[in-house]
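Engineer: From just these sequences and the hints, can you work out the full model?
First to last, the sequence lines map onto chains D and Y.
So for the first sequence, my numbering puts the first residue at 1; every next one is plus one.
So for the second sequence, my numbering puts the first residue at 242; every next one is plus one.
Source of the hints: derived by calculation from the structure; they are not laboratory data.
No false leads were slipped in.
As a list, the in silico BS3-like pairs of lysine-lysine whose alpha-carbon atoms are at most 30 Å apart:
id	chain 1	residue 1	chain 2	residue 2
1	D	K79	D	K188
2	Y	K1004	D	K79
3	D	K10	Y	K899
4	Y	K899	D	K14
5	Y	K392	Y	K414
6	D	K14	Y	K911
7	D	K116	D	K188
8	Y	K1004	D	K116
9	Y	K414	Y	K326
10	Y	K913	D	K14
11	D	K79	Y	K899
12	D	K198	D	K79
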Amino acid sequence: MLRVEGLSKKYDGKQVLNDVTFAAGRGETLVITGPSGSGKSTLLRCINRLVEPDSGTVQVGDILMNELNEQQLIEVRRKIGFVFQRFNLIARLTALENTALPLIARGLPRNEALIKAAAALERVGLSDHMNKRPCELSGGQQQRVGIARALVGDPELVLWDEPTASLDPILVGEVLDLMRELARERGKTMVMVTHEVKFALEIADRVILLESGRIVEEGSPQEVFLRPTTVLASLYGRLLH
Amino acid sequence: MSSLFTGEFRKDVIRAVIVAIVAASIAASAIAIAADRYFGDTISSLIGEYGEYDLQLIVREDMAEPAMEQIRAIVRDRYPGVRIKESLSISGRKYVLIGLPPSLRNPQDIERFPVQFVNIPGYSGYGVMIEPRVEITGIDSRAVRDMLTEKCEQLQGVQFAFQHHGNIAVVLKDSAPVEQVTETISQLLKSYTLIDIRFPMSGQIDDLTEMENALAETIVERFGPRDIVSSSTIKDEELGDLTTALSEIRRFLTYYTTTIDIADTRRQLKVGEHIALASGSLNNGGTGDLPVIAMVIEAGDSTAKAVVIRGEVVDRQEYNAYEVNGDSLGEWLGLARATSEVRRLQYSLDNGIELLDRLSAVADKMHGSISKARQLLSNYWYVIDSLNSVKQSLHQVETLIDSVDAQTQYTSQARQLVSALKKAKDLVVNLNSGLETVTSLAGTVSEQEKNTSGLTRVIGAFERWQDSLSGYEAGLDALVLLLEDSARAKQFVSEMSEMTQSALDALYGLNVDEVAAMLDGVDASLRLISTVDVQAILSQLIHIRESLPSIKDEEVGRSLMLIDNYLGGQVIPGDRIQLVVTGNLEPDAVKQVISSELRGHSPIIAVTSLGTIQPGVRTQVLHMLGEVRATIAALASVVLTAVTLLFDHSSIIALLKKTAASRSVAGGMKVKMGPIYAGSIGATVLSATMAASGGSLPFVGPWMVFFIGACIGLGAYAVAEKVSPVNMDEVSAGIAMGLPWHQIMRDIVIPSGRPGILNILNKSEVSF
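Structural biologist: Below is the structure:
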C-alpha cells in the first residue's frame, strides 16, 4: 500500500531524513517512533507531500506521489487521512463543518456531506458536540474531531502525527482508546508517529525506530522493544516496564 | 500554491480589486467634492459669487473701522447704488468688496472710482475683480497698453477694456464665450512682436526718431514687408525713472558732501576702497577705534577722491590718509584735504541773508535823509536872503555906531538889529541841525554803499556848508551880547560883517543844482532798491539755507554706497526704442539684425510678445481649488489604497509570505510571489483610483503614481502578518484533506482575515 524508498530531506543544511526506506502493506498498522528531532513528523509529511522531499520516492498504492502535479496531488490527498498533533481544526467552523469539509472538497452535496460527517462524529463519540466550535471542546474532543475528519472520506491510508502529544495525560486515554478501536478494525493502512511504546506494542504490526533521520530498528514490536539490537531500542524497551 | 492565481480565486481577487477601485474612487471623489464644495462656499462667502463684486479696496486692518465709515460715507454721497461688503483680513490688510451698478460699469468710472478713496485712513490700494474678464499683464509701455486697449475693445464679445496697475482688464459681455474671446486676445498678442531696445546711460542717442526709422526699415528689409504698427521713443519709465532719480540724487550728494582729495597717493587706490583719515599721525598697524573712514569714489594714477562714511571732518583741513586693513591701519597713503561745498554754501548764504536784511533798513533811513536834504536845499535861498538881510543890518549898525550923538536912535537900531540877528541865528541853527542829521545818518551807511549810491559827494558839500554856518552861528551869539557896549560893538560888528560875507561866500560856493542832481541820483538808486522784492529774495535765501542737507558726512557717504550698490545692479537707463511689429518674428534673428545695425551702441535688446494673458483672480482661485480637489482626491486614493491592501489583501499577502510562495521566471530564477502580488495590487488600485477620482499630485506623473502604489503594496507586504495573521495549522489541514487552493482561501484564509470587500464578497463562496 505504501512504499517509501531512499527518502531524504534537509532543513537549512541539516539532514533531517537520510535515505529512509520502508513499506507498509494494506491494512497494516505501522508505528514510527524515535526521539524528538529524529525526523518522524517530517517523514510523515513527506508521504502526502505536505513537505517536499529532496530525494527518494513515495508510492501510495499504484501512485508515485513524486510525479503528481498539483491537481493530481490534491486528488490523492483526498484518499489519505491525516491526523495532526495539534488537531489543526478550523476555528470558525463547528465540529460537524470541520468534519464535512473534506467531503465538500470531493464534491459531495452539502447535506450529504453533513450527514456523513455526523455519522463520523458519532463513531468517535461526539454526537452531542457536533455544533460546537473547537474552542468549546476539550483537547481530547478536538482530537477526536480531527480523527473523524481524517476518516470521514474513508481513506485507505491514514497518517497519524503524534495524535496524543498535545493532550494532557487524562485526555490521552480517550484518544488512544479510539485509535485502538480503529486499529482493530484492520480495514485501513495506518502509519502512526507516536512515543506511546505500550500502545505501539499493543496495536502495531510493525515498528520503525528512527534516530537522526535514519531507521535504526525495524520489525515487530516485540522484536524492536523486547529484543533490541540498538541502545536506543533497548531504552525504549525499558519504557514498557 | 502556484495554482492559487490561475484558478477561481483569481476571479475572486480581480472582482475584489475592481470593487475596491470603484468604492475607493467613489469615496475619494466624494471626499474631494466635499472639500471642493466647502472651499468653494468659503471662497464665495469671502469674495462673492461670480460677477457679484467688481473691485476690492484694501485698507490697513488696524484702520478698518474709520476707513469703513469713510468708504460708506463716500459711497452714500457720490455713488448711490454701489454695494459694499467687508471681506476677510489677511496679513494686516482688510479687503472691502465693491459691487458697481451697471451705470458705473464703464472704463471711465471704474478707473476713477478708486481715486475717490485714496485719502481714507489706512488706504492700501485696490484690486480688480470684475467678471467675466481677461487680464493682460506684462505690458511694459503705456503706448503699447493704449494700442492694445483700443484693439481689445474692438473684439467681438468684449464689453470694454480699461487699464489698471499697468495691466489691461478686458471685460467681456455676459453672453460672450470666455474661452473663445481669450483665444482671440491670445492670437492678437501673438500677431505682434515687441522689440524693446534700451541704450546704456553712457550711450546717448542724438536722434532717436531717425534711428527708429532706420531700424524699422531694416526690419522690413530683412524680414519682409510688414507694418510697424506702433512705434514710440520712450524715455525712462517707472524703474528707469527711479534709477535716473537715484543717479541725480547721487550726483547731488556727491557735489554737496565733504570730499576728500588726495593729491599724491603713494599707490594707486581703487574705487570703493576704504581709507582712514587722521588729523595727526597714527601708528601703522594700530587697532581699536578707527579714526574717520572714507570711501574712494574716484581714483587716478596718483590722485583719489573719497567721501566720508564714518566720522566727521573739518572743511579745508588737511589729514593723513592711511590704508585700512580690517580693524587696523595700514600704510600711510598721503595727505588728504577735506572740502565741504555745502559748508561753504551755508557760509555764503548766511552772509547774503544778513546783508539783505540790513539793506532794507538802510534804504529806509537813507530815504529819510534824502527828504531832509531836499528840504534843506529848498531853504537854501531863504538862508542866503536872511544872511544878506543880516549883512545889511550890520552895515546899518556900523553906520549907526559912527553917529555917537544919536544915542537914542542907536539904541533903537540896535534892538532891531538884535531881533534880526536872532532870526538869522534861528535859521542858521535849524540849517545846521538838518545838516547834522543828514551827515549822521550817512554815517550808518558803509563806505561801499555811499560810493555806490553817490552819497559821498552830497555829504561832502553839506559838511563844508555846515562848517561855515557853525562859525557864523557863534559869531551871532557874541554880537548879540556885545551890542549893549557901543565901543566894542563897532569893532565886532565890523568883524561880523566880514564873517557874514564869508558865510555868504561859502553858501554861494555851493552848487545847489549839482547837489540837487546828486540827490536825485541817490533817490533814484534808493527807489530802484525799493522796487526789488528784497523780502522775497531774503525768504528764498532762507529757504535754500534751511533746505540744505543737514545730514552728516558719514550719512551721505553711506547713502552713496547704497545708491551705488543699487545702481550697480541696474542698467542705467538711457534712451529706449520700442517697435511693435506685425507678425511673429524669431527673437534670435531680430536680435542679431538689430545688434548688427546698432553696433557700437551696446544696446540691450528684448524681443517678446506684447503681453501675457493671466487668468482672473476668481479663475485662479477656482484653478487652485481644482488643484486642491485633485490633491485631496489623490491623497484619499493613497489612503484608500493602503486600507484596501491592509483589509482585503493582507491575509493573502501574509499567506504568500508565510508559505514563501515563489514562481519561476525566465532564466530559472524564482521570484517571491508575496512582494509581486502586493506591489501589483497597490500599483493597480492606486493608479486606477487616482484616474477614476480625478486625483493628481503636483509633479507626480502616472508612472510615479504607479510606483507609489507599488511602494504602498510593499509596505502592506511588510506588515501583512501583523494585520492579518494566517493560521498555518488550518492551512496545513486544508492541504492535507485535499482542498484546492481557492477553497483554502475561501474557507480558511479569507474568513479569518480582516473584514473588507474581499471578505464580504467571499461570504457567498464559503462552504459553511
